[in-house]
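Throw the hints in and build the complete structure from the sequences for me.
For the record, the sequence lines run as chains A and B.
Throughout, the working numbering is defined as the position within the first sequence, counted from one, plus 298.
Throughout, the working numbering is defined as the position within the second sequence, counted from one, plus 403.
Everything labelled a hint here was simulated from the structure, so no lab data went into it.
What you are looking at is a predicted structure, and each value in this text was computed from that prediction instead of being measured.
Accuracy of the hints is not assured; some may be wrong.
[To be verified] Not close to chain A: a few residues of chain B, all C-beta gaps over 12 angstroms, as computed:
| hint | residue |
| --- | --- |
| 1 | Ala438 |
| 2 | Pro439 |
| 3 | Ala440 |
| 4 | Pro442 |
| 5 | Glu444 |
| 6 | Phe466 |
| 7 | Met477 |
| 8 | Arg503 |
| 9 | Asp519 |
| 10 | Ala523 |
| 11 | His525 |
| 12 | Gly526 |
| 13 | Pro547 |
[As the list claims (entries may be wrong)] Here are the simulated SDA-like pairs of lysine to any residue, each with C-alpha atoms no more than 25 angstroms apart in a straight line:
| hint | chain 1 | residue 1 | chain 2 | residue 2 |
| --- | --- | --- | --- | --- |
| 14 | A | Lys361 | B | Phe460 |
| 15 | A | Lys361 | A | Asp711 |
| 16 | A | Lys361 | B | Val457 |
| 17 | A | Lys361 | B | Ser565 |
The beta-carbon is built from N, C-alpha and C at its ideal position, and this holds for glycine as well.
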Amino acid sequence: MQSQDHDVLIIGSGASGGMAAYILTGMGIRCLMLEAGPPHTERTFQTMPTHELPFRGFGDPGKVPHVFQANEGNENQWASEREHPYTHDPTRPYNWVRVRMIGGKSNYWSRMSFRLSDYEFKARDFDGFGENWPIDHAELAPYYSRVEPIFRVTGRSEGFDQLPDGVFIERPAGGEGPAAQKLLGELARRGIPNTITRSSSGQNGQASSANLLIPSALDTGNLTIVPNAVVRELTVDRNTGLLNGATFVDRHSHRELHASARAVVLGASCLESTRILLNSGVANSSGVLGRYLLDQFYITQCLWAVMPEVMDGSAPDGYTQGGNGYIPRFRNLEPNENRNFLRGYALQWSLGGSPGRDYFSGWGEAQEREVARYRGAGFTATAMGEVLPRYENRVTIDPDVRDAWGIPALHFDCTYTDNEFNMAQDAITVMEDLADACGWETITRRPEMFPPGYSIHELGTCRMGDNPRTSVLNRWNQSHDVRNLFVVDGSSFVTGGYQNPTMTILSLSMRASEYLAEQMRTGEI
Amino acid sequence: MKRRRFVQGLFTVPAVMAIEPALMFAQRGGRGGAAPAPPPEFPYSTPDEVGRTVLSFFTPDQFRAMERLGEILMPAIDGDPGAAQTDAVEFLDFLLSVSRSEAQQLYRQGLDTLNDRARAGHGRLFADLETPDAEVLLEPLSRPWSYRPADPFERFLREARSALRTATENSPAFAQATGNTRSTRYLLPL
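What follows is the structure in C-alpha cells.
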C-alpha cells in the first residue's frame, strides 16, 4: 500500500494532541495522529468478587509501583512499568503516572478546570524568582474562553485576581449546612477566599479528548488516527534542517515504520514529548531541554479533624450539607509578606467524611469502636502547592534502560526543596487553626508530601520563552531551533502555579495550532 | 497396503486443504455454516478450593511470628474469621515474594526485630509469647499516626496491621464464612 503523506503529524491523542487535531483539521489541514496506546475509548469493567482477583485487592506489586492512585480494580488503566520502565536514584523517587490509549490521561483526569493568573505568568516580576512566561493572561484569555464552553466548565464567578473567572455554567451560592457555615465564617474572618470547585462537566459524563475533540476532527474528513504506534524519534531532512516526519514502532509486532509530514505537533504528554525530543537529538541548542521539571505537590488528607457535635451519629440531618469547597491561593499575593516560602497553595476541603482506620491507634475491637465513633464526623483537605521551577530538576535519557520497544527510557533527577516543605507546613497550620476555631479536634497532621509526580501534573522540561538561549520553545509553542516543530503539552510551562493545568494546556494547544495553520497558509512552513 | 495408504495420505491432505482450507476451522462457523452453539458452562473451582499456597518468602521463624501477629491484630470478631482462619499469612507470603525489595526488607527486618526483642525479654520467639507479653512489643501501634514513621519497626507494624486486615477480609474463606462477598469493579486489560 502506498503510504500517505500528511500536512501535520500529531503525536499523542490526549488533551493537547486532541485539541491540535480539533483546530487543524477544522482549518482544512490533513493530519495524521499517532497514538502509542490501543484504540479503546470506553472503559470496560467487570464486577468481580474481590477474593477472586489475582492479588485479592492489593494489586499486582510490580505493575505500577509508582502509581499511588492505582488499585487492583483500575490498575489496567495505567501504563505498566514493566513495559514502560524509567529510572531514578532510590533516595529521590519520582512518580511518573502514564495512560496510553486514545484520549490519554484526559479519559481519567479529575476535571478540575482553572485558569492561570498573572501571578503565575509574570511570577518573576512579582517575587524575582525564575522567569516570566512570554505571554500573560490577557493574551491567553480568548483561548481559555473558547475552551471552557467545549468542556462545559461549571463554576462560580468570584472576581479573584489569583484565579481568573472563565466562561462558566454558573452554579449558584448557598446550600451550606451549619458546619460549612461555621467554617465559611472563620475563613471570612481571616480574609481567606473560598469558592466551589471549577469542573468540566463535558458530555454524557465524560470530558475527554476522546469525546469532545477527536470526534469533531474526524467529522472533517481530515484526520487519520493510527493507534498502537509508539514513536521512537523525529526525523530531520538533512538538506533543510527541518523535520520530515517520525519513525514509530507497531506496538504489537514491533515493526518499525516511518510517517512523513510537513510539520510535527508533539502532544504526547509533558515527559513523553521531552523523551522523544531527547531521543531525536533535536531542539536543544539551549541545553535546557529536560530541565525545569516541576509539578504541583499534593498532600491528600493533609489534616484530619473531627467535629465532636457529629460523633457517635449525633448530628442533626443536614448538618454537614454543602460541605466542600476550594480555597484558592491566598499567600504572597501582596509584596513583602515576609513568609518562609515563595508563591502559594490551594486547599480543597470537605466535611462529613470518615477518617481511615489507620489513623487510629491500637487494633482489634478497640480500634473498631474508635473508627465507628468518628464515622462521618471528619474535616479534611488536600493541599495543592506550587513547585518552583529549578534548573537542577530534570530528566535525561538513561542509556542502559529501554522500554518494551527498544526505546531508551527516561532517568529522573528531581526533588522538592524547603520552599515546598515550608509551604506544606503553612497549609497544615492554617487548617489546624481553622479546625480549632470551629471547635473541631485535630487527630492527624501530615506535612510530608508524596514524591514529585504524584499529582500527575508534570510540567516544564521544554519551556517557552523569548530567549532561545534559555528556552526551547517560543511564545507560540514553536521550537526556536526547528520551525516546523510545535510542542503543545504541559512541557512548555514556565511556572506551574497551584492550579490544575489542563485548561491551560488546552488553551495553549489551541493557540499554537491556529498559529501553525497560519504559518502553513502563508508558506512560512 | 498400509504403507500405500500412508503415502496416499501424504499427498491427499495438502490437496484437500488447497480446495477448502476453511474446513479445518469448521467448528468455528465457516462461510455459510450455521452459527456455532454456545459452549457449555462448566462448574469451575478456584485455586484456593483445591490447593494451599506454596510458601517461599518468610523463614519458618518469620512465618510463625507473622501468624502470631495475625492472631493478635486481626482476631476473629463476632463470628467473623480472623487472619488465622483465612490463611492470610500464606497469601502475604506470596504477595511479598513478588513485591519490591523495599517491602520485602521492611517485613523481614520487622519480623526479625519482633523475634529478637522476644528472645531478649523472654528467651522465646514472638510466636511462643503469651498474649500480654506479645502485646507489649506492639506498643508502637499505640503511638499517634504519622505518614512515614521514623522508626522502621513502627512502619512495619503499621504496614502489617493494614495488610493482615486486607488479606483477611478479601480472602475466599472470609467471604464463605460471612456470606458477605465484597466485589470490585475491575477494569479489563486494554
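Evaluation of the provided hints:
1. Distance check on alanine 438 of chain B: its Cβ is at least 24 angstroms (rounded) from any Cβ of chain A, clearing the 12 angstroms threshold; non-interface status holds.
2. No Cβ of chain A approaches the Cβ of proline 439 of chain B within 12 angstroms, the least distance being about 23 angstroms, so the stated non-interface status holds.
3. Distance check on alanine 440 of chain B: its Cβ is at least 24 angstroms (rounded) from any Cβ of chain A, clearing the 12 angstroms threshold; non-interface status holds.
4. For proline 442 of chain B, the non-interface assignment is confirmed: its Cβ lies about 18 angstroms from the closest Cβ of chain A, beyond the 12 angstroms cut-off.
5. Under the 12 angstroms C-beta cut-off, the non-interface status given to glutamate 444 of chain B relative to chain A holds; the minimum distance is some 17 angstroms.
6. Non-interface call for phenylalanine 466 of chain B relative to chain A: holds, since the shortest CB-CB distance, roughly 19 angstroms, exceeds 12 angstroms.
7. The claim that methionine 477 of chain B is not at the interface with chain A is violated, since a C-beta of that chain comes within 12 angstroms of its own (minimum 8 angstroms).
8. A cut-off of 12 angstroms between C-beta atoms contradicts the statement that arginine 503 of chain B is not in contact with chain A; the least separation is 6 angstroms.
9. The claim that aspartate 519 of chain B lies off the interface holds: its Cβ sits roughly 22 angstroms from the closest Cβ of chain A, which is beyond the 12 angstroms cut-off.
10. With a closest Cβ-Cβ approach of about 23 angstroms to chain A, alanine 523 of chain B is found to remain outside the 12 angstroms limit, as its non-interface label requires.
11. Every beta carbon of chain A lies more than 12 angstroms from that of histidine 525 of chain B, the smallest distance being close to 21 angstroms; the non-interface claim holds.
12. Every CB of chain A is more than 12 angstroms from the CB of glycine 526 of chain B (nearest about 26 angstroms), matching its label as outside the interface.
13. A beta-carbon of chain A comes within 12 angstroms of the beta-carbon of proline 547 of chain B; the shortest separation is about 7 angstroms.
14. Taking the CA atoms of lysine 361 of chain A and phenylalanine 460 of chain B, the gap is about 19 angstroms. The hint holds against a cut of 25 angstroms.
15. A threshold of 25 angstroms between alpha carbons decides the hint, and for lysine 361 of chain A with aspartate 711 of chain A the separation of about 22 angstroms falls inside it, so the pair holds.
16. At most 25 angstroms may separate the alpha-carbon atoms for a hinted pair to count; lysine 361 of chain A and valine 457 of chain B meet this at roughly 22 angstroms.
17. With a C-alpha separation of about 21 angstroms, the suggested pairing of lysine 361 of chain A with serine 565 of chain B holds against the 25 angstroms cut-off.
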